[in-house]
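Peer 1: Sequence:
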Amino acid sequence: MQQAQGEISVVHNGKQVFYDVKISPLRNRKGKLNGQIVILRDITQRVLAQVQVQEALKNVQQLKEQLYKNSIHDALTGMYNRRYLDEVLPREIANAERSHSPISFVMMDIDHFKTINDTYGHAAGDMVLQKLSEFFKKHIRVGDLIFRYGGEEFLALLINTTIESALHFAERWQQSLPECCINIDGKEIKITISMGIAEFKKHGITSEEVLHAADRALYQAKSQGRNCITLWDVDQ
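Those letters in the sequence shown? Residues 65 to 300, by the numbering used here.
Careful: at least some of the hints might be erroneous.
[Stated by the list, open to error] Pairs of lysine to aspartate or glutamate, EDC-like flavour, derived with a Cα cap of 16 Å: (1) Lys201 - Asp138; (2) Lys86 - Glu71; (3) Lys265 - Asp297; (4) Lys254 - Glu243; (5) Lys254 - Glu198; (6) Lys286 - Glu217; (7) Lys202 - Glu243; (8) Lys265 - Glu161; (9) Lys133 - Glu161.
What the hints contain is simulated information worked out from the structure, not anything from laboratory work. As the structure is a prediction and not an experimental result, all values here were calculated from the model.
Let the hints inform the model, and build the full structure from the sequences given.
Peer 2: Quick look at the structure:
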């Protein structure tokens, strides 16, 4: 018989108790086995302390994950924010480079948002932002990304999507927007948006260039009367 050691747990007086068990052979002078020596050492406190440490580490990890989640989402709308855009955009551009696939950037702006704030108050403006965010979460494709870019501006990254296909999606959003409205003091406020679209690499070889192109296309859409979609044209 060889020496053995391990841990066991038993229930004593309704409580779980942990022991370190060491079993050693007992031999006479001639080496003949006469019996065994069993040593039990109560390690309950140590085991419980280890469990507490593991639970604490688990809680810390969960807290870190929650803090990170909060840090990349806009507090008002729950949409991704500019910080996450800065984090994810280089990765998406690198993926597009490797696969030689397009990404369409759709820059969007809520029409007459300042008028809504001035007329009905900032609470109404917040409701418009939240309503529009719910709309986009419902209508965005799996794999695409949408961000609150700032103020009343939103940015959609349509992955593996040409500017022609992006226009199709944008037109569908525009057609569905009438369902996106809020009611303030019995008055229905309809939401419309202007959109500018540019494509990587057609309109830029860096994310900054494509963002700038989409932003200029948005400016054109707003200057043309709002509630419309403009594709960036490098000749314009």
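Peer 1: Would you list, in rising numerical order, the hints stated earlier that this structure does not obey?
Peer 2: 9
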